[in-house]
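Just so we're aligned, residue 39 is where the sequence shown starts under this note's numbering, counting upward by one.
Worth flagging that the hints you see were computed from the coordinates, not collected in a lab.
Given the structure is predicted, the values throughout are model-derived calculations rather than measurements.
Careful, some of the hints might be misleading.
So the derived label-pair ranges between C-beta atoms look like this [said to hold, decoys possible]: (1) 290 <-> 151: 35 to 45 Å; (2) 144 <-> 325: 32 to 42 Å; (3) 362 <-> 307: 33 to 43 Å.
Quick reminder that beta carbons are idealized off the backbone N, C-alpha and C, glycines included.
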Amino acid sequence: MVDSQDETDSGKDTLVDGQLTIKIPNPKTYMARQSAWIGRRGKPRCDHCRLNNLKCDRILPTCNHCSWASGRECRYTPLPTPAHRGIPRCDRCRRKNLKCDRNLPVCNHCSEDDDAECNYTPKKRHKATAEQVSAQDHDAHSHKAESSPTSESVHHDGLAESKRAHTFYGQNVATRNGESPQPPILGGVEGSPDLDKPIQSQTGRFTADYLQSKSHSLSFISHAFAPGQGIIVNSTYVQPWSHPSFSPLPESILQRLGSVDSSEMPNRETFDDNIASFLGDLLPELRDTACLPPDIYLSMSRSLVANDLSKLPARLRDWISINHIRSGSSKGSLLLVPRDSIFQAADTEVTRLLKAYRDSVDGSNGSDDESSGDVDFSQAFERLLVRNQLYDVLAYAHRSHGPPPSMLFELRKAAIAYVTWPMIEIFIRLCPLCNNRAKRLASAGKSEAPVEAS
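Build the full structure now, drawing on both the sequences and the hints.
Printed below as a string of structure tokens:
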């Protein structure tokens, strides 16, 4: 018994020794700290957790991982300024696909070019229905009529000033305590009832004025624009090309283009550059006739109206003769090519159909009101496009974002001639909506692909 008691006492002395003491974390305390986890979106992790990709609770002065390591310093290094979430690039950087810093009033790329205009256009929003827009307009006009009898004159004056002013996007005006924010009016300018007050400066979230303001003096962040500060809302629909010397596109195409969103279509300048590059790679014999430029189109039309082709080059005269090119209007330049149904028809039949077509285009009622046979005159000929009209016609055919065969069918139904498959492929390749759809399908295909067993 004495020996066993001595052995017990010696064991206790061994455990008391400081060199053999090990610091073991308390599991209850550790789990309690983990269960009380609070998400801290935007706050950086400590340097150690960020380096080792650990889940850091970001508690100061020591996080959950550094607290169990003896002698480790838990240091927090601030992250650089985050990206401008929700603020799009300026129009110039978006068009040229440049990395924009989104600074107001001028970004980094536009500041390097003195002639460049730095505008920030809002992203596309969900379109309101016609009933909602009419109800909002009615309420806004009735509210204006009750509050200010001279609001209409102030509205026109503000609109004139807004057209000369520089427009910005992302202007979050911080309203003071006791001030009520002015609601923005879509597509117009909110007139200020007190014209003696100066127009407020830019106090957006990314400007120096906002950073210098004290947080306790701000009630909330309002997205309303300052009184008297106008916004210019650019039309989001495709604007067709027009020139007084050339006949416009058919009314059915122009009406459909008025409802096509331009943000869902390729950029017109980029498309024109790609078409010019495509035509530049063709043979010289095909370069001018593949897609007629305005000067050649105009000279050919005038020569056909005057019935004198001697001033045209020999290859253009041969091309006109082989394809039976006709003039489709006496007022504006319009070239037609007969369809296969009347290509080999008699000259009298072609002349009668051509006269009916010209009368319909020029808006005159001819004396000859006879029936044009089994073939309708509007479907007897196809239009030859000016190169500047190619974008408008392809935007019309691509309004449902279909594949090239469906676009060719639309062009055939609209009686448009000589629009080739490569031109359609160039347009689809530049379409932003089709590109996003292709990327989503590609990513979905990769995620659903079966994984091979190793």
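Query raised in the report: What hint numbers does the structure not satisfy?
Result: none
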